[in-house]
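Novice: Below, each chain spelled out in residue letters.
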Amino acid sequence: QKEVEQNSGPLSVPEGAIASLNCTYSDRGSQSFFWYRQYSGKSPELIMFIYSNGDKEDGRFTAQLNKASQYVSLLIRDSQPSDSATYLCAVINSGGGADGLTFGKGTHLIIQP
Amino acid sequence: EADIYQTPRYLVIGTGKKITLECSQTMGHDKMYWYQQDPGMELHLIHYSYGVNSTEKGDLSSESTVSRIRTEHFPLTLESARPSHTSQYLCASSARGGASLLGAFFGQGTRLTVV
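From first to last, the protein sequence lines are chains A and B. Going by the numbering used here, the first sequence opens with residue 2, and the numbers climb by one from there. Going by the numbering used here, the second sequence opens with residue 1143, and the numbers climb by one from there.
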């Protein structure tokens, strides 16, 4: 069974610090990796995708991928209270198809003012 | 910005009623999905479609049904609503092939309450 694992949290980070969110996946053939942000009562919003080993930066967000270790992480620099949300990791598995997109359960992030 | 729309946003309905939740996207995406999510809980895939005339059941068993007669439209129907169907329903879509690597995009969701 293809799994995506995240620590459910809550992860509490002081304002201005770096928030680090981690995700591991079981399917070594996974192709592409996504981070979604979901505010309470809202739908998930795609914020980053990565498919090559290494780092990908977009503003205050950096996605890191290590396929050998099967983990992907999201760093949020200069954390703001507006970053408080649940962050979902998602993976496109090697099986492809419409069911190839697997979500983790999400990590609840709290940025303390 | 994703162009995927769900209606209604909120629905309160009595037990036993038939309901249809609408989902439309203007991105030409082949793949579409329905997820169910309770407050503070994980996403559960209940239906998906590869394209027109394709529908498949997801990981979570659901009494709902779906249809895909047009690429842009993926409605979900409950023939007889029950209080256990109270939840948020999220529709999403994604491209196929290499463009699928760009991820799936979600509508704003329908919050259903069955009384």
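It should be emphasised that the hints constitute simulated quantities derived from the structure, not laboratory data. Treat each hint with caution, since some may be false.
Below are the DSSO-like pairs computed for lysine-lysine, each with C-alpha atoms no more than 30 Å apart in a straight line [to be verified]:
1. B/Lys1199 x B/Lys1160
2. B/Lys1199 x A/Lys3
3. B/Lys1199 x B/Lys1159
4. A/Lys106 x A/Lys68
5. A/Lys106 x A/Lys43
6. A/Lys68 x A/Lys57
7. B/Lys1159 x A/Lys68
8. A/Lys3 x A/Lys43
9. A/Lys3 x A/Lys106
10. A/Lys43 x B/Lys1159
11. A/Lys57 x A/Lys106
12. B/Lys1199 x A/Lys43
13. A/Lys106 x B/Lys1199
14. A/Lys68 x A/Lys3
15. A/Lys3 x A/Lys57
Novice: Indicate, hint by hint, whether the structure satisfies it.
Specialist: Quick rundown of the hints versus the structure:
1. Between B/Lys1199 and B/Lys1160, the direct Cα distance comes to roughly 20 Å. Compliance with the 30 Å bound is thereby established for this hinted pair.
2. Only pairs whose Cα atoms come within 30 Å are accepted, and B/Lys1199 paired with A/Lys3 is accepted, the gap being roughly 17 Å.
3. Of the supplied pair hints, the one linking B/Lys1199 and B/Lys1159 holds, its CA atoms being roughly 23 Å apart against a limit of 30 Å.
4. A hinted pair counts as satisfied when its Cα atoms are at most 30 Å apart, and A/Lys106 with A/Lys68 qualifies at roughly 20 Å.
5. At roughly 15 Å between alpha-carbon atoms, A/Lys106 and A/Lys43 fall within 30 Å of each other, so this suggested pair holds.
6. Distance restraint check for A/Lys68 and A/Lys57: the Cα-Cα separation of roughly 14 Å lies within the 30 Å cut-off, and the hinted pair is therefore satisfied.
7. With a CA separation close to 49 Å, the supplied pair B/Lys1159 and A/Lys68 exceeds the 30 Å bound.
8. Taking the CA atoms of A/Lys3 and A/Lys43, the gap is near 26 Å; set against the 30 Å cutoff, the hint holds.
9. Taken as a hint, the A/Lys3 and A/Lys106 pair is honoured in the structure, with Cα atoms around 13 Å apart against an allowance of 30 Å.
10. For a cut-off of 30 Å, the pair hint linking A/Lys43 to B/Lys1159 stands: about 26 Å separates their Cα positions.
11. At most 30 Å may separate the alpha-carbon atoms for a hinted pair to count; A/Lys57 and A/Lys106 meet this at roughly 23 Å.
12. Under the criterion of a C-alpha separation no larger than 30 Å, the hint pairing B/Lys1199 with A/Lys43 is consistent with the structure, at around 24 Å.
13. Under the criterion of a C-alpha separation no larger than 30 Å, the hint pairing A/Lys106 with B/Lys1199 is consistent with the structure, at around 20 Å.
14. Between the alpha carbons of A/Lys68 and A/Lys3 the distance comes to roughly 15 Å, so the proposed pair stays at or under 30 Å and holds.
15. Between A/Lys3 and A/Lys57, the direct Cα distance comes to roughly 25 Å. Compliance with the 30 Å bound is thereby established for this hinted pair.
Comparing the model with each earlier hint shows a violation of hint 7 alone; every other hint is respected.
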